[in-house]
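Peer 1: Listed below, chain by chain, are the residues.
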Amino acid sequence: DGGITQSPKYLFRKEGQNVTLSCEQNLNHDAMYWYRQDPGQGLRLIYYSQIVNDFQKGDIAEGYSVSREKKESFPLTVTSAQKNPTAFYLCASRVQGYTGELFFGEGSRLTVL
Amino acid sequence: EDQVTQSPEALRLQEGESSSLNCSYTVSGLRGLFWYRQDPGKGPEFLFTLYSAGEEKEKERLKATLTKKESFLHITAPKPEDSATYLCAVPETSGSRLTFGEGTQLTVNP
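Which chain is which? The protein sequence lines are V and P, in order.
Sequential numbering of the first sequence, starting at 76, is according to my numbering.
Sequential numbering of the second sequence, starting at 653, is according to my numbering.
Each hint should be verified, as a subset may be incorrect.
With a straight-line cut-off of 30 Å between C-alpha atoms, the simulated DSSO-like cross-links for lysine-lysine are [to be verified]:
| # | chain 1 | residue 1 | chain 2 | residue 2 |
| --- | --- | --- | --- | --- |
| 1 | V | 89 | P | 694 |
| 2 | V | 146 | P | 694 |
| 3 | V | 145 | P | 694 |
| 4 | V | 158 | P | 694 |
| 5 | V | 84 | P | 694 |
Interface residues of chain P toward chain V, partial, derived using beta-carbon atoms under 10 Å [unchecked claim]:
| # | residue |
| --- | --- |
| 6 | 661 |
| 7 | 686 |
| 8 | 695 |
| 9 | 696 |
| 10 | 697 |
| 11 | 700 |
| 12 | 724 |
| 13 | 739 |
| 14 | 750 |
| 15 | 757 |
Chain P side only, calculated, beta carbon under 10 Å to chain V, not exhaustive [unchecked claim]:
| # | residue |
| --- | --- |
| 16 | 660 |
| 17 | 688 |
| 18 | 749 |
Hints listed in this document are in silico derivations from the structure and should not be mistaken for laboratory results.
For glycine and all other residues, C-beta sits at the position ideal for the given N, C-alpha and C.
Using the sequences and the hints given, assemble the complete structure.
Peer 2: In structure tokens form, the structure reads like this:
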């Protein structure tokens, strides 16, 4: 079945450590996105990529980094510079050049101890 | 600046009690409005896309409608399993990003 796979589902991190969240899709979508969701809040865009080897900052990119070496993969690294990293992280994708809906993964919950 | 506002923030209904959720938007040249359902601890699940004023789409107990300034998600005779957060989103003017509202948390009591 086609879809978006995020891993791990739950992750605990000590302060000062970097952590990488995985996002893989087999939908053959060109565009991929990372969102952050905090309790009671909407989705905020961290980074997005419309094509391999290219990506753009979203609204809250500080303290995060991404790479897009393969069409299927868009990993997100939460660095120690991110001041409040505890959140629910969502990866999404869609066909490039199409203003249609995003398809989402099941999310990764990061807790900083 | 593109904006999406959802109301109410939270809605509590009795089973069978119909109601509507609102999504108002300000965007230059609407290129679609999307509704999603999100269960706790899960990613949003796509429900509907509406492209032009007057358009309506239905799925089971849900019906989405669109005007030039807002969209409504009507829930007819809801059941407890309809409890979730409902999100709406519109493409930004560039088309490459979506702006999401903060969602309406719906609770349907048996």
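Peer 1: Taking the hints in turn, state whether each one holds.
Peer 2: Going down the list of hints, with the structure as the test:
no.	hint	verdict
1	89/V / 694/P	holds, 24 Å
2	146/V / 694/P	holds, 24 Å
3	145/V / 694/P	holds, 25 Å
4	158/V / 694/P	holds, 24 Å
5	84/V / 694/P	holds, 10 Å
6	661	holds, 8 Å
7	686	holds, 5 Å
8	695	holds, 4 Å
9	696	holds, 5 Å
10	697	holds, 8 Å
11	700	holds, 9 Å
12	724	violated, 18 Å
13	739	holds, 7 Å
14	750	holds, 6 Å
15	757	holds, 8 Å
16	660	violated, 13 Å
17	688	holds, 8 Å
18	749	holds, 6 Å
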